[in-house]
Structure formats: structure tokens, C-alpha cells
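Chemist: If you want the building blocks of each chain, they are given just below.
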Amino acid sequence: SCSRAKDVTMPAKLPVNFFSTRSPVIDLFRGQLDYADQLRQDSEIVLYFFYAPWCGQSIAAREEIEHVASRLSDQVLFVAVNCWWNQGKCRKQKHFFYFPVIHLYHRSFGPIEYKGPMSAVYIEKFVRRVMTPLLYISSRSKLLDFLSNYEPGVVGFFEFNASPQPPGYLTFFTSALHSLKKDYLGTIRFGVVTNKRVAQEISLVHSGSVYLHRHANTSLIYPKDIMNFTAENIYKWALENREMFIRWLRPHGGKSLLLNNELKKGPALLVFIPYNPLAEIHPLLDEITKVALEYHKCNKSQAAEPDLQRLGDSDSPAFDSSVTDAHTKFSETSPIAKYPCCNTVVLPQWHSISRTHNVCELCVNQTLGVKPNKVHVPHCNFLEIEAALDSFYLQEHTFFQVISNTIECSNFLSFYSPFSYYTACCKTVNRHFLSFISSEKTIFQTPKIAFSSHGKKDNSQFSIPHIEDRNCFIPDLNISSTNITGLSCRTNKTLNLYLLDSNLFWIYAERLGASKSTHLKEFAAIVDLKEEVHYVLDQNESLVGPTLENFIKNFSVLYSPLKRHLVDDPSVPFHEEHVVAEVTTNTFHQTVFLSAKNVLLLYYAQWCGFCASLNHIFIQLARLLPPDSFTVARIDVTRNDLPWEFMTDRLPTILFFPHQRKEQSVKFPEDFSVNLPNLLKFILHHSSLSSSEPCTKECLHKESVLQQGHISHLEKEIQKLRSEISALHQAHDQLEAELSEARREEQRLQQQKHTLEKQHKTLQLHSEQLQATYDQKNQELLEMAEKLQELADASENLLKENALLRILVASRGGKQQSKDEIKESLESEQRFSEENDVSLTTAAAALEEKRIDNIDTIETEHNSGNRTE
Amino acid sequence: EERGPAGPGLSAPCLCHRERVRAMFYHAYEHYLESAFPYDELRPLTCDGQDTWGSFSLTLIDALDTLLILGNVSEFQRVVNVLQEGVDFDIDVNASVFETNIRVVGGLLSAHLLSRKAGLEVEAGWPCSGPLLRMAEEAARKLLPAFQTPTGMPYGTVNLLHGVNPGETPVTCTAGIGTFIVEFATLSHLTGDPVFEDVARKALKALWKNRSDIGLVGNHIDVVTAKWVAQDAGIGAGVDSYFEYLVKGAILLQDKELMSMFLEYNKAIKNYTKFDDWYLWVQMYKGTVSMPVFQSLEAYWPGLQSLIGDVENAMRTFLNYYTVWKQFGGLPEFYNIPQGYTVDKREGYPLRPELIESAMYLYRATRDPTLLELGRDAVESIEKISKVDCGFATIKDLRDHRLDNRMESFFLAETVKYLYLLFDPDNFIHNDGSDFDVVVTPYGECVLDAGGYIFNTEAHPIDPAALHCCRRRKEEQWEVEDLMREFYSRKKTKKFTLKRAPDRGEGEDAKDPKDASSEKAGEKRNSKKSSHSLLSCPSQSFNSKLAVLGQVFLDNT
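Chains Y and V, in that order, give the protein sequences.
Sequential numbering of the first sequence, starting at 65, is according to this note's numbering.
Sequential numbering of the second sequence, starting at 48, is according to this note's numbering.
No lab work stands behind these hints: they were computed from the structure.
Be aware that one or more of the hints could be misleading.
Stated by the list, open to error - In silico DSS-like links for lysine-lysine, alpha-carbon gap of 25 Å or less:
(1) Y:K158 <-> V:K431
(2) Y:K784 <-> V:K521
(3) Y:K361 <-> Y:K246
(4) Y:K328 <-> V:K592
(5) V:K592 <-> Y:K580
Said to hold, decoys possible - Computed, partial: chain Y to chain V, Cβ under 7 Å:
(6) R86
(7) H642
(8) T702
(9) L706
What the hints assert, rightly or not - Covered stretches of chain V (in silico footprint by chain Y; criterion: 3 or more residues with CB under 8 Å from a CB of chain Y, positions within the stretch not fixed):
(10) 103-112
(11) 460-472
Please read all numbers here as calculations on a predicted model, not as lab measurements.
Where is the CB? At the ideal position from N, CA and C, for every residue including glycine.
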């Protein structure tokens with residue numbers, strides 16, 4: 065696009081105070097960087113706040129900085145510098161890509177950039193650490209405190225007896241500052257011991273030695289002989305060798321791969337707690353970090369848990385993870401919780417000499433029944449299991465031939481009850497492994513709707529499989545007897561543990577399904593990015609050490625009782641009536657499967673352009689179909705998770721669930737355009753409304769209902785037609801009005817035409833008259849011209865005559881000269897010639913007068929001619 | 048005294064910001080009325096007006112629907128009356144075909160479609176007739192002579208009275224050719240005259256035909272000879288709204304052909320111009336980088352991506368662009384990516400809307416507070432930097448924030464509108480389909496205002512439902528009536544056949560849907576890798592749950 069050149073411009077407004085004049089922060093709003101440097105000389109600790117006055121982040125951070133300054137102004141100098149104003153020194157010397165930038169100086173050391181959250185408590189904590197980068201450890205108990213912390217601790221031993229500043233101390237001090245520069249989270253803590261006896265506790269003997277404490281592995285002493293004793297090296301050494309059992313995640317808000325990188329390492333436990341870095345004690349944090357330390361304490365637990373150890377060492381390492389695969393793929397929560405009974409069934413061997421077994425997990429799922437409460441433990445009906453086994457035996461050949469490392473699952477309907485179905489997941493395992501599996505407490509949650517039922521019935525030529533275990537469990541009571549200590553090394557589903565401050569990052573918790581209403585911002589979730597699944601710790605349970613332990617343990621066991629968490633949209637009120645019913649995770653089952661109607665379900669997302677432009681079509685459809693037998697519903701799948709088998713990978717997707725055959729849902733073919741006729745045809749084709757069976761009583765009833773529907777439809781149609789007619793009438797009236805207006809207009813125009821014609825005629829007449837006068841005048845003019853010509857001719861003749869006369873006179877004169885001598889005789893002749901002269905001049909004057917007259921008439925003629933034209 | 052840490056940003060749209068945006072609007076709008084009307088634009092430094100793109104009181108037309116979005120019904124009604132009386136297109140003015148279309152035709156169309164919502168007494172045939180529609184049609188007819196070229200691609204400039212001037216340059220930018228389908232198709236559907244949609248489609252197809260072997264289009268083309276005059280390919284200035292209208296046209300018209308064109312371009316753009324979530328400029332035939340710059344105008348791209356479901360990539364690119372804003376308090380027209388600084392003579396920021404537009408779309412998709420932060424930054428910057436006594440002035444140079452004597456009409460039409468919508472999630476424009484209106488027209492009953500508004504490239508919303516309301520409606524209604532009769536009869540007498548999407552060129556052939564779909568699937572497998580419908584978005588991946596506050600995830604594939 066082009067723009068025109070414009071001359072008027074205006075320079076930017078002059079900078080003004082950013083901080084109030086009463087603020088403890090010195091505001092160099094003209095960007096006087098030189099003065100800022102000067103100020104630094106007088107103060108031990110200085111914080112620079114480089115801002116741009118237009119910048120939202122700077123404005124938001126201003127208040128936080130002011131708050132910190134009000135608390136620390138006696139020890140720290142706070143200097144704010146406008147680093148935007150282009151006349152200022154700061155802008156000329158520094159080149160920032162974002163604002164605000166916070167730099168800290170500890171005497172001459174710096175700048176240490178603060179990159180943490182722009183929140184007063186975090187900033188204050190950081191400033192305090194810059195003020196005292198080394199913690200002075202005076203006693204044994206303080207040392208123990210220091211070392212028991214979950215964050216890595218580095219201790220230096222320096223004897224101050226000999227000299228005021230023992231060798232190496234400054235380097236150690238600088239390395240503590242250096243670590244703040246590199247690691248703004250400040251995870252590595254530095255402490256200093258001056259007492260020899262305290263130092264001995266960690267077997268430091270020589271002054272100048274540096275010690276890195278580790279919980280699970282042996283602690284280390286800085287290898288002075290291998291590495292130079294420099295600040296950078298000490299920090300690097302600590303960083304490389306530190307233990308990280310649990311770490312804080314603090315996304316800075318800019319584009320970052322932090323979560324991507326951490327979560328791709330494997331399943332992760334994210335613990336959200338409100339955290340105040342300034343608080344003296346953090347009881348909850350201590351509890352959580354204790355669990356984390358225990359979880360990672362591997363070497364101490366090896367002997368204690370032989371069973372689990374065997375699991376870890378089993379020669380089928382892929383097994384655990386593949387179970388998770390299968391589990392996560394098929395396990396679901398459902399709106400009405402079911403607690404299936406499961407049995408492990410070992411199939412007969414493929415070859416008798418084979419060292420492998422096919423092991424199947426067989427579960428009975430009931431779709432009906434009341435949800436048991438926590439106290440009531442539902443018991444597996446023995447008959448149910450028997451029935452399931454019977455069905456299974458008939459189907460088992462499908463599993464029988466499977467020898468694979470993956471788990472294969474299949475669902476089939478019960479022969480005995482229409483409300484139950486069975487799920488079997490099978491897997492080939494090594495024989496010696498079986499004993500373990502069978503003793504593991506397991507549960508297997510499966511989807512309610514069959515994927516495909518196996519139809520073939522084949523008489524098995526193999527021996528009958530046997531049941532290994534008949535225990536039934538419910539997940540809430542599944543508290544494994546295994547110990548958390550060292551679990552991370554004994555399971556293949558090792559978790560990485562992370563902490564997030566829920567004051568800052570609660571949004572992630574909400575995304576994972578944390579209740580928005582809760583005021584207590586505590587939450588824990590296990591996220592498995594690879595499996596695209598996550599589990600949450602029941603928010604009704606308080607987040608304490610034991611519940612967290614159980615959560616971890618339940619995740620780690622072979623058949624995890626944890627259920628994939630489905631996030632739903634709580635903002636949709638269930639009872640609100642819409643023409644198009646809004647379905648959520650929680651209402652999905654009820655609306656789609658339990659209702660006795662045909663259901664057309666649209667999967668959509670609000671942001672997807674192709675979905676939103678179809679709204680009107682679905683509204684029309686819903687208004688058209690009889691509401692007592694049809695539901696038009698939709699689900700926003702961005703905000704509502706669904707069990708895998710109901711998920712779709714494209715939006716919009718339209719599914720039709722016919723009444724009485726809900727499991728046989730059909731998908732609207734993607735290649736056809738979504739419009740009202742097509743949708744109706746699609747529904748008509750698949751709906752079960754019409755049947756060709758002979759009419760029974762029920763059918764008659766149906767028929768009458770149908771006709772009732774038809775009647776109401778027709779009534780609606782009539783209503784619509786009436787309103788259409790009235791609209792047409794309106795339009796007609798409008799047209800009528802416009803027409804009459806137009807007619808009036810025509811009338812007026814006609815009249816105007818007449819008057820115009822009259823005027824035209826008079827004008828015509830006028831012009832004819834004028835033409836006539838013109839012609840007449842023209843004629844006169846011509847006549848006059850003729851006369852003029854005549855006169856001109858006459859005058860020419862006269863001139864000729866005149867000339868002749870002159871010649872005559874001249875000749876007479878000549879003759880007179882020659883006849884001088886004879887004067888007397890010629891006197892009479894002379895008189896005559898004088899008389900002749902006079903008569904000639906009068907004639908010429910008369911002629912002249914006439915000519916002027918003539919010209920006048922021509923001019924007046926010409927003027928009048930002009931006017932007529 | 049203890050104090051909990053404050054969050055790093057805004058977790059929910061703050062009404063305080065919404066109200067600040069409202070105040071911004073009225074500051075600019077009232078000064079325009081006071082000092083500049085009936086000129087096209089306000090000159091904020093000299094407090095007077097000037098004609099820029101014609102002589103249509105452009106700012107007023109452009110700001111009209113913003114008034115309604117801000118809820119000012121009475122002023123909307125007043126302005127509609129003013130425009131009906133005051134605007135004349137029979138004027139001897141050379142006007143940009145592109146700008147007149149997006150600002151004037153688009154503005155009038157959207158005002159026409161919103162006028163019932165604004166409480167105006169509409170005539171019986173509405174939305175298929177009405178004074179604003181007639182004005183829009185008149186303005187559009189003035190542009191039609193520009194399309195009379197051998198290629199069907201329009202001239203860039205047309206005289207509203209005399210048509211194309213003799214000696215008019217035949218060089219038009221790509222966007223000037225491909226940015227008509229939204230307005231013109233709407234006009235055709237409402238008025239029943241197919242000529243508008245036809246010329247717009249013809250122009251789009253001509254561009255498609257002239258793309259390079261590697262699937263890119265250049266910047267400027269000769270509309271007579273179809274030779275590319277400027278061969279820089281990118282997504283920004285000169286091209287931008289062409290791509291935008293392929294997508295928006297596809298959504299508005301449920302048109303697979305337009306979408307398949309876009310997807311092909313999208314592939315080439317990703318292949319040749321995308322580096323580290325930036326989009327550069329390349330030579331359209333060779334694909335070599337010609338300018339490593341980011342243009343302010345390119346910032347619409349993430350919003351467009353979010354409309355078709357590419358939210359992850361959109362967010363990543365958006366975060367790149369946001370860093371540029373943070374550096375300057377606005378987006379320079381050109382930003383040299385490797386140097387990390389502005390480009391000479393291109394340091395201005397005329398208060399463009401594109402980044403804010405993307406933030407609004409992305410906020411719909413992700414609810415990421417980062418997007419509200421951009422909104423907050425924009426409010427602060429615009430107020431602090433460009434607010435003057437008479438309005439808001441274009442920033443001439445982002446390096447020192449010198450101001451220019453201009454306030455483009457898109458400031459009130461787009462920038463303020465998108466900002467307001469970002470902070471007002473309950474605005475009717477965001478209607479997700481839970482509300483709607485039923486209008487009875489002489490053509491039958493019509494469901495309108497059910498959400499899904501398509502913004503034209505000047506942020507004038509078009510209700511897609513309105514396109515199904517007028518002339519063509521009758522046939523469909525009869526068909527539906529027949530089907531409903533069938534529905535209530537006890538036995539099915541017919542086999543039901545679905546109509547194929549029109550672009551397949553076999554529209555009317557009737558087959559059993561089951562056979563058809565299976566056959567279609569087979570056919571698809573042979574011809575194309577993806578079997579899904581072109582008119583659909585992918586579902587969001589699992590990690591999108593955590594992709595907020597700047598976190599991005601790398602593709603697993």
C-alpha cells in the first residue's frame with residue numbers, strides 16, 4: 065500500500081518521571097547512565113532497573129520493584145534507568161531486545177542479570193542471595209540443615225585464624241556469585257564453614273577445600289589437582305556433579321522449549337504448590353522433597369525389595385512399558401464408573417517345550433449398576449467371571465496364535481447379559497515371569513463400547529486355559545505394599561519430578577484438569593507426553609507426602625490402577641437448554657448413549673473456521689427434527705477430552721448414533737458438503753425410524769408418535785409459511801408503497817413534462833421570431849452593402865473624374881504658364897477654374913459623410929445580430 | 048507484612064483494558080467527526096482532515112461496525128443515515144480497486160448485515176436488500192471495469208466515473224488481484240447477481256495459473272501479459288490478503304478448490320520461506336532468499352493458521368513476532384531478522400492491526416495469557432507513544448517514536464476492534480453458535496447471527512449464514528421439505544443420495560452414500576495421501592494442554 069508524503073511530523077514526547085518522586089527508587093528518566101555508574105561506587109549492592117516508559121512489562125514490574133525497594137532500601141541501592149529515550153546515554157550505549165532488564169552488582173562483580181519471575185518476592189529473594197551469596201555455617205546443626213535441603217549444597221572450608229582472608233576464599237565467594245549469574249533459579253547453594261570441627265563432619269581437613277553434598281551418591285570434594293581453582297570451574301564442577309531429584313520449572317514467558325525438553329525425557333510428575341521464596345519454612349515442600357529423595361535413593365533399597373528388584377531386572381524389560389502402552393490406549397474413565405472384575409488367564413502353551421506363555425487379562429465390564437462408594441467394595445460375581453471365561457474360551461483362538469511383544473486387546477460381548485462385555489488383553493511372556501504377574505494386583509478399565517466383536521467360533525484344539533487369579537480390586541483401595549524408597553530404579557516407568565509455583569503457573573494445573581473453583585492451589589499430575597496421557601491426584605485428597613507416594617507407586621506398578629484423566633469444560637452448564645445440545649466429557653455418555661433418541665453429534669472447536677461457519681446449518685437441522693426422537697448435539701473437543709475410541713483427528717466430524725444401535729455409529733462422509741439436505745439424507749439413511757417389519761402394537765404406537773411428530777412438524781411448517789406470507793405481504797406492501805410513490809413521481813414528471821413542453825414551444829416561437837428579425841436585418845445589411853458598393857463605385861468614378869479634372873487643371877496650368885505674356889486675355893478663364901475647384905471639394909465632403917453613416921448602420925446591425933443568435 | 052507473589056501476567060481478560068480500548072476509540076472517533084469529517088481521514092497533528100483513498104468519508108465507513116461491536120447502537124444508526132445521504136460514488140476520482148473493495152464495499156456489507164442487530168428498521172427483503180447493500184453494490188459496480196482485462200486480473204486503479212483511465216499501468220500487486228472473493232461472493236449471494244463472484248474467482252484462478260514451478264507467487268504482475276514484474280515471494284506486503292482470502296473464501300463458501308490452492312501454497316511457503324518460525328522473502332522461481340526481513344504486515348499469518356487448525360506453528364511464529372514488539376513498542380514495517388533491527392526507510396508503525404488480530408484469533412484457540420499480555424502492551428504503547436490531543440498519530444520512526452500527521456482508517460476499523468475483542472470474550476462476535484436469530488424473509492425462514500463471522504481483511508465481519516439466506520435458498524428449502532415428508536412417511540420410498548461437493552465437477556450424480564464414500568475413499572487413496580476433507584482442521588495434540596506461557600513443543604513426527 066502506498067502513502068502520501070506528509071510534511072508535518074512531531075518528535076516523541078520528552079521523558080517524564082516513571083517512578084514517583086517519593087519512591088525509594090532513584091529514577092534516571094533521562095537515561096543518565098554515566099550518573100548511574102557513579103552512583104554504583106557508593107554502594108555495595110546495586111540493582112539497576114532498565115525500563116522503557118511505553119513498555120507494559122516495565123509498567124507491571126514497576127510496582128514490584130518499588131515493593132522490594134521499600135523493604136531493602138537501607139542495604140541496596142535501587143536505580144531505575146530509562147533506557148529508551150534516544151537522547152539518553154543509556155540508549156546510546158546499551159542495546160536491549162526487551163524491557164525491563166534488571167542488573168545487580170555486588171561491589172564490582174556484575175552485572176548479574178535477574179531473569180526470574182517479575183514478582184516482588186522472587187526479586188527480593190534473589191537480591192538477598194546476591195547480598196549474601198555464601199551462607200555462614202557456624203555449627204553442626206546448621207550444617208545438617210544446610211545439607212538436608214533438596215537443592216544441591218556446596219560447602220567451602222576456610223580457616224580465618226591465620227589470615228583475615230584465607231587463600232581461595234575470594235575465589236569461592238566469586239564462584240557463588242558466578243553461579244547466580246548463570247543459574248538465576250539459584251538451585252546450587254553455597255555455604256562456608258570456618259570451624260575445623262564442623263568441617264570434619266564432612267571430612268574436610270584442609271582450609272580451602274570445597275565439598276559438594278549428594279544424597280543418593282557419594283559426596284564429592286573439589287579435585288584441585290585436576291581442575292584449576294577458579295570461580296567458573298567450581299561452579300561448573302558443582303553443576304555437572306549435582307543431584308537433581310526434583311526441580312523447579314519456571315517458564316520465563318518467552319518462547320521456550322523448557323517443558324518440551326523436560327517432558328520428552330519421560331513421564332513426569334508435576335507438583336503444583338503455592339510457594340513463597342521468602343518464607344522461613346516450607347513444610348509442604350519439605351514433605352514433597354522427602355518423597356523425591358526417597359524415590360531416588362536407590363543403593364540403600366536394593367536388598368529390601370527383592371520382588372520389585374526382580375521386576376527391574378527381569379529379562380523382559382519391554383514388558384512394563386508395553387503394558388503402559390496398552391493400558392493408556394484403552395483405559396478410560398467413564399461418567400458412570402465401573403469397577404470391572406479381572407482375571408489373569410494363562411493360555412495353553414503353543415509348544416509344550418516353549419518357555420513362553422500367552423497371558424491374558426480378562427475383565428468383565430458392567431455398564432449398568434450403581435457407582436459403589438469408597439466404603440463399599442464391589443465383589444466380583446463368581447458367575448460373571450465364569451460366564452466371561454466361557455465366552456473367552458470360545459474366542460481365545462484369536463489370542464492364542466499371538467506371540468508378540470505388544471499387548472493385544474479385544475472386546476467381546478457377553479452371551480448372557482446385554483450389559484456386560486469382556487475385555488481380554490494378551491501378551492506373550494517368559495514363563496518364569498508369570499508368578500510375579502499373577503500376584504500383582506491388577507485392574508483393567510476398558511471402554512464400554514466394543515471395538516469389534518469376534519464372530520468366528522472355532523473349536524479349540526488346544527487344551528483349556530486356566531485361571532491364575534480370581535482376585536478383584538477397586539482402584540481407590542489399591543495401596544501397594546511396595547516401598548517408595550528407591551522405586552525410581554526398580555521400575556521402568558521412572559518418573560521425573562518437578563515443582564511448579566501455583567502462584568505463577570496455576571494455568572498449567574488448570575489445563576491438566578485442576579478445579580478452577582478450589583482456593584487451595586495444590587495439585588499433582590503425572591504427564592506422559594509420549595503416550596499422550598496424564599493422570600491426576602484426586603483433588604479431594606490433600607496433597608501430602610503419603611498421598612503423593614501412593615500416586616507414584618500406583619503409577620509404577622505393572623497394571624496401574626490410575627485412570628487417564630479426561631479434562632472437561634466446567635463452564636458449560638448441564639441444564640441449560642440449547643437448540644443444539646452442548647455435550648461435555650461428563651455428559652457425553654448420558655447424552656449420546658443413555659438417551660433413547662437418535663443422536664447426531666458434531667465434534668467441533670471454536671477456533672476452527674470450518675466448524676464455526678456450519679453453526680447455522682446445525683441450528684436449522686435441530687429446529688427441523690422432532691426433538692422427542694432426535695438430539696442434535698455437539699462437543700468442543702478442545703475443552704473436553706474423550707476416551708480414545710471416541711476421539712477424532714479432524715474437525716468438524718459428524719457422527720450419527722442411531723437409536724437402539726448406538727454402538728453402530730456412522731460418520732458423515734467427509735467428501736460431501738455439509739448442508740441441510742445432505743445431513744437429512746444422511747440421517748434418513750441411517751436412522752432406525754422406519755422399519756419393514758409387520759406392525760405390532762408397539763409399532764402402532766410408534767407410528768402414532770411418528771404421525772404426531774409429523775403433525776407438529778406440519779403445524780410448524782404452516783406457522784413458518786404464515787410468517788413467510790406475512791413477510792411477503794410486508795414486502796408487497798412495501799412494493800405497493802414504492803409503486804404508488806413511483807406513480808406519483810410519474811405524475812409529477814408528466815406534469816413537468818407538459819410545462820416543459822409549453823416552455824419549449826414559447827421558446828421555439830421566440831427563437832423563430834428572432835430568426836425572422838435576424839433574417840430581416842441580414843437582408844437590410846445585404847442591401848446596405850449593395851448600396852455601399854454602389855457608393856463605392858460612384859466614389860471611384862468621382863475620384864477618376866477628380867483625377868481627370870486634376871490632370872485637366874494641371875494641363876490648364878501648364879498652358880497658363882506658357883501664356884504668361886498674354887495675362888489680360890486669360891483673366892476670365894482663371895475665374896472659371898476657381899469655381900470649378902470649389903464645386904469639387906463640396907462633392908467630396910458629401911461623399912465622406914455618407915460613408916460614415918453607412919459604417920454606423922453596419923455596426924448596429926451586427927450588434928443586434930449577435931444578440932438574436 | 049507478607050505478600051504473595053504476583054502472577055507473571057494476566058490470567059483472564061481484564062475489563063480495565065477493555066475500557067481503556069473503548070476510551071481510545073472515542074478519543075479518535077470524536078476528533079475525526081469534529082475536525083476531519085467528511086474527509087477520508089483525520090490528520091491528528093494538525094487537527095484537520097484529508098482525502099486519501101477517494102472521497103468517501105472513509106474513516107466513518109470503516110469505523111461503523113466497530114461502533115456496534117462497542118455496543119453503541121444509537122451512533123451506528125445515526126452514521127448509517129449520514130452515509131446514505133452523504134456518500135456519492137459518482138465522482139471523478141481515481142480510486143484503488145483493492146482499498147475501495149476492502150474498506151468501502153466490505154464496510155458497507157458488514158454494516159448492512161449488522162444493521163438489524165443494531166436495531167435499525169430493516170426493509171422486508173433484508174438481508175437480501177437494503178440501502179447499505181445497494182450502496183455496497185453500487186461501489187462494487189464502479190470497480191467492475193477494472194476486471195476487463197485479457198487475463199481477468201484487475202487493474203489496480205479505476206476512475207469511479209469513467210472506468211479505467213487510458214494509459215493506466217497494468218501492473219497490480221498480487222493482493223490487489225486476489226482480495227475480492229469474500230466481499231464479492233457475499234454481494235453475489237445477497238443480490239443474486241453472479242457477476243461479482245465470477246470476476247473474483249476468475250482473478251483468483253488467473254493467479255493460481257501463473258504461480259511458479261515451485262508453487263510460489265511474486266509481488267506484482269502485469270495484468271495484461273501475465274508476466275511477473277516483482278518476483279519476491281513471501282507472505283507479507285503485496286501478497287498477504289491473497290492467501291488470507293483463499294482460506295476465508297474456502298470457509299465462507301465451503302469451497303474445497305480455494306482451500307486446496309491455499310494448501311499447495313502453504314506447502315511451498317513452508318518449504319522455501321520458513322526459517323526458524325520466521326517467514327522470509329525468496330525469489331519466486333528459484334526459492335533463494337532475497338530479503339531476510341519480517342514485515343509488520345506478515346503478522347496476520349498466525350491468525351490465519353489458527354483458523355485452519357495449525358495452532359502450534361501459529362503460536363511459535365507469534366512468539367517470534369512478539370519479541371519484535373517488545374523491542375520497539377510496535378512493529379516496524381520491515382525488521383531485519385539477522386541484524387535484529389529496523390530496515391532503513393521502513394521504521395514506521397502506522398498503528399497496524401495484524402499482530403493484535405493474530406492475538407485475538409490465537410486467544411480463542413489457546414486462552415494463553417501471553418496473548419492478553421500482547422494486548423496490554425499494545426494498549427500501553429499506543430497510548431504512551433501515539434496519543435495526541437486530536438487522536439492517535441502514526442509512528443513515523445520506531446527508533447525514536449517520532450510521529451507522523453496521519454491516522455489511517457484501519458486504526459478504528461481494525462486495530463481498536465481487534466484489541467477490544469481480545470479483551471471482551473463475551474462479545475457477540477465471539478458467539479460460538481449458542482445464540483442465533485431467526486429472520487423471515489420473502490425467500491423463507493433464515494437462521495442468522497449464529498457466530499462464525501468471517502472478518503474481511505479490513506476487519507469487517509461477514510455472517511456466513513447470510514449467504515444461505517437469499518435467492519438460492521428456495522431450491523434447497525423445497526428439497527428439505529421433500530425430505531421431511533419422506534422422513535415422516537412410514538416407509539422409505541427413495542434411496543437417499545448425497546450431493547457431492549460442487550468442486551468435484553460431478554455435482555449432481557447420485558449414488559448411495561455408502562458406496563459413494565467407500566469408492567471415494569479408494570479413489571482418494573490413489574490420488575492423494577491424505578484422505579481427510581480439505582475443509583477441516585486437525586484436532587489439537589495432547590501437548591497443546593501445556594503449550595501456554597511461551598512453551599512450545601517440537602513435533603513428534
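Chemist: Which earlier hints can't be squared with this structure?
Modeler: Numbers 3, 6, 9, 10, 11 - these are the hints that the structure violates, sorted from lowest upward.
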